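Knowing the structure of chain A, use the given hints to seat chain B on it.
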Amino acid sequence: DSGVTQTPKHLITATGQRVTLRCSPRSGDLSVYWYQQSLDQGLQFLIQYYNGEERAKGNILERFSAQQFPDLHSELNLSSLELGDSALYFCASSVGESPGNTIYFGEGSWLTVV
Amino acid sequence: GENVEQHPSTLSVQEGDSAVIKCTYSDSASNYFPWYKQELGKRPQLIIDIRSNVGEKKDQRIAVTLNKTAKHFSLHITETQPEDSAVYFCAATPPRRGFQKLVFGTGTRLLVSP
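Chain order of the listed sequences is A and B.
In terms of the numbering used here, the first sequence opens at residue 208 and continues consecutively.
In terms of the numbering used here, the second sequence opens at residue -16 and continues consecutively.
Only chain A is shown next, with the shape it has when bound in the complex (with noise of 0.2 Å):
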């Protein structure tokens, strides 16, 4: 168990909807991100959160948005999905922001839309 925790496991929704996928640090880490595997992208970082602060932006699609509230907490919204967003999205964490901090990765909620 490495400590970050994900909601939901698993996902199956419909094109044109919109999903929220829910994501604790582990316990002292400020830094949070968000990282998108599909089989023909591999693992591919989305975004990056500092203490509430957006640090940093990967391959993110427009119809993609995530946010870091007070308590650590870190939520990613995909809206207008489509077939090709369904992938395994990974939440990770570390206890600071820049480069060698060892990232901890959650076990990552599986999305299907259909």
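Think of the hints as simulated: they come from the structure by calculation, not from any bench.
Where hints are given, some of them may not hold.
Only some residues are given here: those of chain A computed to face chain B with a beta carbon under 7 Å [as the list claims (entries may be wrong)]: (1) F252; (2) G307; (3) E314.
Cβ-to-Cβ under 8 Å is the rule here; a few derived chain B residues that face chain A [claimed, not checked]: (4) Y15; (5) P27; (6) P78; (7) K84; (8) L85; (9) F87.
Simulated crosslink set (DSBU-like; lysine-lysine; CA at most 30 Å straight-line) [as the list claims (entries may be wrong)]: (10) K216(A) with K84(B); (11) K264(A) with K51(B); (12) K25(B) with K216(A); (13) K41(B) with K5(B); (14) K54(B) with K264(A); (15) K84(B) with K264(A).
Since the structure is predicted, the reported quantities are computational estimates derived from the model, not experimental observations.
Cβ atoms here follow ideal geometry from the backbone N, Cα and C, with glycine treated the same way.
Leaving out everything else, chain B in the frame of chain A:
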């Protein structure tokens, strides 16, 4: 931006043999190189990492080597066991103050046969 290539995509070995996975990176400034192991349907787990000021690091049966001049790093697993079967991802991150953007390789599926 950083780009990481990983080879081979699949690797089959007999129990007790050694396995080597190789990665190359494009950004010569990258200074942190973690390796993650991901079992089917599970989260990526850090197994070893190396920083650019070190050429080699060992942890029991696992070792990582880094060649900064050639911009490549390798994972070595000795005395492989069936439980080593998984997908292994290398990653690199350029030195950026205030954020960490891990760029992953495409993964190597290791199968260890008894």
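Hints, one by one, checked against the model:
1. F252: F252(A) check passes; min Cβ-Cβ to chain B is 5 Å, inside 7 Å.
2. G307: At 5 Å from the nearest chain B Cβ, G307(A) passes the 7 Å test, so the hint holds.
3. E314: Holds - the Cβ of E314(A) comes within 7 Å of chain B, reaching about 5 Å at its closest.
4. Y15: With a closest approach of 5 Å, the Y15(B) hint holds.
5. P27: 5 Å, holds
6. P78: P78(B) check passes; min Cβ-Cβ to chain A is 5 Å, inside 8 Å.
7. K84: 5 Å, holds
8. L85: 6 Å, holds
9. F87: OK, holds: F87(B) within 8 Å of chain A, min 4 Å.
10. K216(A) with K84(B): 24 Å, holds
11. K264(A) with K51(B): With a Cα-Cα distance of about 27 Å, the restraint between K264(A) and K51(B) holds, given a limit of 30 Å.
12. K25(B) with K216(A): 11 Å, holds
13. K41(B) with K5(B): 16 Å, holds
14. K54(B) with K264(A): This hinted pair holds, its Cα atoms lying about 25 Å apart.
15. K84(B) with K264(A): Distance of about 8 Å is within 30 Å: holds.
Comparing the model with each numbered hint stated earlier shows that all of them hold.
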